[in-house]
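Please model the entire structure based on the sequences and the hints provided.
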Amino acid sequence: MPRRTLSVLLAMLFLCALPSAPGATQPLRIGYIPIADCLQLYVAMEQGFFTAEGLEVQARPMQGGPVLSLAVEAGELDLGWSNMVSLFQAHARGFSFVLVAPGALEDDGEHLTHSLLVPGGSPLQAIGDLAGRTVAVNALGNVNDLSLTVLLAAAGQDPQSVRMVEVPFPDMEAALASGSVDAALVAEPFLSSAVSHGARCLVAAPHAVFGREFMIAGWFATSGWTAANPGQAAAFCRAVDKASAYITGHSQDIPGVLARHTRLTPDMAAHIALPAFSAGLDQAAMQRTIDLTATHGFIPRAFPTRDILAPGFEWPQR
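All letters in the sequence shown, in the order written, are residues -24 to -1, 1 to 294 by mature numbering (1 follows the signal peptide of the UniProt record, and there is no 0).
Watch out, some of these pointers could steer you wrong.
Restricting the straight-line Cα-Cα distance to at most 25 Å, the calculated cross-link-like pairs of lysine to any residue (SDA-like) are [unchecked claim]:
| id | residue 1 | residue 2 |
| --- | --- | --- |
| 1 | Lys218 | Ser254 |
| 2 | Lys218 | Glu22 |
| 3 | Lys218 | Trp291 |
| 4 | Lys218 | Pro242 |
| 5 | Lys218 | Glu29 |
| 6 | Lys218 | Asn205 |
| 7 | Lys218 | Gln208 |
| 8 | Lys218 | Ile230 |
| 9 | Lys218 | Gln228 |
| 10 | Lys218 | Arg36 |
| 11 | Lys218 | Gln23 |
| 12 | Lys218 | Ala252 |
| 13 | Lys218 | Asp83 |
| 14 | Lys218 | Gly24 |
| 15 | Lys218 | Asp258 |
| 16 | Lys218 | Pro37 |
| 17 | Lys218 | Met21 |
| 18 | Lys218 | Asp229 |
| 19 | Lys218 | Gly256 |
| 20 | Lys218 | Arg176 |
| 21 | Lys218 | Pro231 |
| 22 | Lys218 | Thr238 |
| 23 | Lys218 | Ala35 |
| 24 | Lys218 | Ala235 |
| 25 | Lys218 | Ala203 |
| 26 | Lys218 | Phe289 |
| 27 | Lys218 | Ala246 |
| 28 | Lys218 | Leu88 |
| 29 | Lys218 | Leu285 |
| 30 | Lys218 | Gly85 |
| 31 | Lys218 | Leu268 |
| 32 | Lys218 | Ala204 |
| 33 | Lys218 | Arg5 |
In short, the hints are calculated from the structure, not lab data. All values derive from a computational prediction rather than experimental measurement.
Next comes the structure, spelled out in structure tokens:
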């Protein structure tokens, strides 16, 4: 069985909500991680798309997905951001999460935001050379762990022959340089930085195992919240769709937006690869990812894509 992490305990001890004053409008509480993949949120806030939909938004930066997921389940957040494989795992464990709006997309063209890197002087030349080696991923059991598992199996290697270790994205370049890991699946902006300092690409598009285009992440809520607040959920989705269209048509504005909401400088933001964003959803592609997640033991069994989509929503085909 592949490695997976369930580091989702204790975090609730640090989460508490303040009650609203009598008669006060309750803001929409949205949890996110301050990275480029959450660009839709930043744009929707700055361009007034939430306000135009009648929403008051309270965006809450979180340290990671496990804390964020617990906060949504506990009702401390109304909506949150998650990579899709973690969302599938939460569904399989009985969490009542449903997808409300599509998020970041990666493809094998200009929107390539993850690569498997090795040190510049490494003798490794192909994915099959990783047997007996140590490879860094940002979290065990997530989308990056799954993509490597699928790649290794396709190359005829037992995924268990590779030692996967957790290393935060910001620390991966140093881990490669020191030799503490033999390879690392790195995401932007740390990907561009590592390559500029001599790291070499072993697999340029590891997420291509999911298809030419892959939805990395999306915005989710509990099924109970969407049922009780269908108007707010639909308004959020419309605002995010507007943000996706704005991102596509105003690429010159994006570095500044990222600099205001993440730790990226405008110069860094202007030179990294960014994910794509779209209002549409490729349900067949999502089903393939769910099936792969089950085939490789990351969830006990596959389930239909519709089970994780917020009911009552129109999901335009991408």
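Results for each hint:
no., hint, in the structure
1, Lys218 x Ser254, "holds (9 Å)"
2, Lys218 x Glu22, "holds (12 Å)"
3, Lys218 x Trp291, "holds (15 Å)"
4, Lys218 x Pro242, "holds (23 Å)"
5, Lys218 x Glu29, "holds (11 Å)"
6, Lys218 x Asn205, "holds (20 Å)"
7, Lys218 x Gln208, "holds (15 Å)"
8, Lys218 x Ile230, "holds (15 Å)"
9, Lys218 x Gln228, "holds (17 Å)"
10, Lys218 x Arg36, "holds (21 Å)"
11, Lys218 x Gln23, "holds (9 Å)"
12, Lys218 x Ala252, "holds (14 Å)"
13, Lys218 x Asp83, "holds (21 Å)"
14, Lys218 x Gly24, "holds (10 Å)"
15, Lys218 x Asp258, "holds (18 Å)"
16, Lys218 x Pro37, "holds (22 Å)"
17, Lys218 x Met21, "holds (11 Å)"
18, Lys218 x Asp229, "holds (15 Å)"
19, Lys218 x Gly256, "holds (12 Å)"
20, Lys218 x Arg176, "violated (37 Å)"
21, Lys218 x Pro231, "holds (18 Å)"
22, Lys218 x Thr238, "holds (21 Å)"
23, Lys218 x Ala35, "holds (18 Å)"
24, Lys218 x Ala235, "holds (21 Å)"
25, Lys218 x Ala203, "holds (23 Å)"
26, Lys218 x Phe289, "holds (16 Å)"
27, Lys218 x Ala246, "holds (22 Å)"
28, Lys218 x Leu88, "holds (23 Å)"
29, Lys218 x Leu285, "holds (20 Å)"
30, Lys218 x Gly85, "holds (23 Å)"
31, Lys218 x Leu268, "violated (31 Å)"
32, Lys218 x Ala204, "holds (24 Å)"
33, Lys218 x Arg5, "holds (19 Å)"
Checked against the numbered hints above, the structure violates hints 20 and 31; every other hint is satisfied.
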